[in-house]
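Chemist: Starting from the known structure of chain A, fit chain B onto it as the hints suggest.
Line by line, the protein sequences give chains A and B.
Counting the first sequence from 1 gives a position; my numbering is that position plus 57.
Counting the second sequence from 1 gives a position; my numbering is that position plus 66.
Warning: the hint list may mix true and false statements.
[To be verified] Taking lysine-lysine and the DSS-like style, the derived pairs with C-alpha atoms no more than 25 Å apart in a straight line are:
1. A:K178 <-> A:K215
2. A:K92 <-> A:K61
3. B:K258 <-> A:K61
4. B:K448 <-> A:K74
5. A:K61 <-> B:K251
6. A:K74 <-> A:K88
7. A:K214 <-> A:K92
8. A:K74 <-> A:K92
9. A:K196 <-> A:K214
10. A:K155 <-> A:K61
11. A:K69 <-> B:K251
12. A:K178 <-> A:K155
13. A:K88 <-> B:K251
14. A:K196 <-> A:K215
15. B:K448 <-> A:K214
16. A:K149 <-> B:K483
17. A:K149 <-> A:K92
18. A:K92 <-> B:K251
19. B:K483 <-> B:K470
20. A:K149 <-> A:K214
21. A:K149 <-> A:K178
22. A:K92 <-> A:K69
23. B:K448 <-> B:K258
24. A:K155 <-> A:K69
The hints are simulated quantities; they were obtained by calculation from the structure and are not laboratory data.
This is what each chain is made of:
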Amino acid sequence: MGFKNAPMTTIKPFQAKQTLFNPEVRAEIDKWMAKYPGEWKQSAVMAALRLVQDDNGGYLTEELMDQVAAYLDMPPIAVYEVATFYSMYELKPVGRHKVCVCTNVSCMINGSDRIVEHMQKRLGIRLGETSEDGRITLKEVECLGACGGAPMFQIGKKYYENLTPELIDSILDGLE
Amino acid sequence: MANEVCFRNMDLERPWLMEQYRSRGGYDMLTRILQQKTPPDQIIDEVKASGLRGRGGAGFPTGLKWSFISRNAPGQKYVVCNSDEGEPGTFKDRDILRYNPHQLIEGMIIAGYAIGATVGFNYIRGEFWEPYERFEAALQEAREAGFLGTDLLGSGFDFELHSHLGGGAYVCGEETALLESIEGKKGQPRYKPPFPAHFGLYGRPTIINNTESLASIPVILEQGGAWFKNLGVENSGGAKLFSISGNINNPGVFEIPMGTPFSTLLEMAGGMKDGRRLKAVIPGGSSSPVIPGEQMMELTMDYDAIAKAGSMLGSGAVIVLDDSNCMVKILERMSWFYAEESCGQCTPCREGTGWLYRVVSRIENGQGRPEDLDLLDDMTVKIAGRTICALGDAAAMPVQGMLKHFREEFEYHIEHKKCMVD
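Extracted from the complex, chain A is given alone in its bound form (with noise of 0.2 Å):
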């Protein structure tokens, strides 16, 4: 057969990797990486820059991402593909909280375009920016899986569904 499927390892493995992070982030990624065959340290990217970014306040940084490359032994190309492919990863930085509004089908027919008026009237920005205190960022995503809920947003990790005008107000007030 001619398919080939190898890791894609650097030739020379970084050797310091106790002074990559800090040790809680350190440990949560070799938990990752525990779960892949050892010469498959990489099936731990998603997750290593899931804990890198959450752990530079929402955001990655092109010295970050070498970072996560030198812990995995990839090449930061490798890093920088698949940060830049999945939606969830920012290479900007965002607002404290993160507010995922889909606009998708169902959500759409059930009103997503006046809760995203409604959001943006309220906090003065538009989809895509941050609140100039950095408080909070409005981000336009693709369906999040909870169309029974539509309207919906995902904040931080959390889902909220049904969105009305008044529960948004209610939502975005408790936010710090």
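Modeler: Below, chain B without anything else, positioned relative to chain A:
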């Protein structure tokens, strides 16, 4: 009858807990298999007899898929569960993960036993944090009870199961893109053949099934393949989860026998909101061609009936549209989705999805040209079937469906530069 397979514990309080799952006979099937050392072929035959077809959308017979693995081939094999639920309109696997994670775990262990795999991965979309935590807690319980790890219940069979979190990419629901993603790469589908049964995760023989398919396994084996098959109709065995959303009073996930009339499902979902008229239904997720309301009211929810009407049952994601909706606007949003989610690997899809969106969008925004509808028709033919995976087809099919059934709305838009529906 409803709630007999994946949702049969839904009436219990905190149904996601091990003790609740066990109170309905959970893990009994696995225990029996391990103690009696049931021949794996017998399990595969039972799954084949059940008529279970892949619940992720493609509808490929699950038992047949399992039989493609050569069980005695040396080396590691894998069971992978596809919980990357992302087809717009689908939200059923989220409920399995949240409310019945143990049945999925039991199904995956049995699948591993049947094909001779000792490691499984459940790929959960990254946004599903709460379902992921539920699943992780269930894994912990299963491990403590001796259903995961080495030498399960003294049988000599080992099985370990892990979750893998996605990062936000619709295309990872395509099985080989999902495998690439577990391997730490961007999720771009692989050429097939070779199929995952021969060259799957880490290049090893792999079966990959949808969450609902795998969660159905313990009940199928407990009640028998014939029982499951007889719940449904010809070519559509069993019961299925339908995610129904849109302009209805009581959206949600309903487990009903295959072949149930759509009108019954609509009634279960509380009927049309505000008493409006049913205009159209997208019967199997946003990739499936739309069906006009009157026609849909005559159809049953099974593979053959929906296929005969020119669409697909897909993942069982039913989006109900009332007469306040402009079909051009709906299609514009759907086309945007596919343009956003194309992985960029194949030219017809990468370029074509963008073009579909731009042309539909200019019609929606009063810039449409008389030749645009023929242009759209032509583009769909040039995308569908010319790409590595089905995302190109998935982008083309809704366009074809809309133009077939609601062409006059598009023509009106082009001619009058505004909507037929206000």
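Chemist: The structure should be examined with respect to each hint, and the outcome stated for every one.
Modeler: Structure-based check of all given hints:
Annotation: proposed proximity of K178 of chain A to K215 of chain A holds, straight-line Cα distance about 23 Å (limit 25 Å). The suggested pairing of K92 of chain A with K61 of chain A holds, with an alpha-carbon distance near 22 Å, which does not exceed 25 Å. Of the pairs offered as hints, the one joining K258 of chain B and K61 of chain A holds, with about 14 Å between alpha carbons and a cut-off of 25 Å not exceeded. A threshold of 25 Å between alpha carbons decides the hint, and for K448 of chain B with K74 of chain A the separation of about 50 Å lies outside it, so the pair is violated.
For the hint pairing K61 of chain A with K251 of chain B, the CA-to-CA distance comes to about 15 Å; that is within 25 Å, so the pair holds. For the hint pairing K74 of chain A with K88 of chain A, the CA-to-CA distance comes to about 15 Å; that is within 25 Å, so the pair holds. At most 25 Å may separate the alpha-carbon atoms for a hinted pair to count; K214 of chain A and K92 of chain A meet this at roughly 23 Å. The hinted pair formed by K74 of chain A and K92 of chain A meets the criterion: a straight-line CA distance of about 19 Å does not exceed 25 Å.
The straight-line distance between the Cα atoms of K196 of chain A and K214 of chain A is roughly 14 Å, inside the 25 Å bound, and the hint therefore holds. For a cut-off of 25 Å, the pair hint linking K155 of chain A to K61 of chain A is broken: about 40 Å separates their Cα positions. For the hint linking K69 of chain A to K251 of chain B, the alpha-carbon distance of about 20 Å falls within 25 Å, and the restraint holds. For the proposed pair K178 of chain A and K155 of chain A, the alpha carbon gap of about 17 Å is at most 25 Å, so the pair holds.
As the CA atoms of K88 of chain A and K251 of chain B are separated by approximately 19 Å, the hinted pair is consistent with the 25 Å bound. Between K196 of chain A and K215 of chain A, the direct Cα distance comes to roughly 15 Å. Compliance with the 25 Å bound is thereby established for this hinted pair. Distance hint between K448 of chain B and K214 of chain A is unfulfilled; the C-alpha atoms sit about 40 Å from each other, more than 25 Å. Our distance criterion of 25 Å between C-alpha atoms is broken by K149 of chain A and K483 of chain B, whose separation comes to about 39 Å.
Taking the CA atoms of K149 of chain A and K92 of chain A, the gap is near 30 Å; set against the 25 Å cutoff, the hint is violated. This hinted pair checks out: K92 of chain A and K251 of chain B have alpha carbons roughly 16 Å apart, not beyond 25 Å. The straight-line distance between the Cα atoms of K483 of chain B and K470 of chain B is roughly 20 Å, inside the 25 Å bound, and the hint therefore holds. Our distance criterion of 25 Å between C-alpha atoms is met by K149 of chain A and K214 of chain A, whose separation comes to about 19 Å.
Between K149 of chain A and K178 of chain A the CA atoms are separated by roughly 23 Å; this keeps the pair inside 25 Å, and the hint holds. A C-alpha spacing of about 24 Å is found between K92 of chain A and K69 of chain A, which places the hinted pair at or below 25 Å, so the restraint holds. Annotation: proposed proximity of K448 of chain B to K258 of chain B holds, straight-line Cα distance about 20 Å (limit 25 Å). Between K155 of chain A and K69 of chain A the CA atoms are separated by roughly 37 Å; this puts the pair beyond 25 Å, and the hint is violated.
Comparing the model with each earlier hint shows violations of hints 4, 10, 15, 16, 17 and 24; every other hint is respected.
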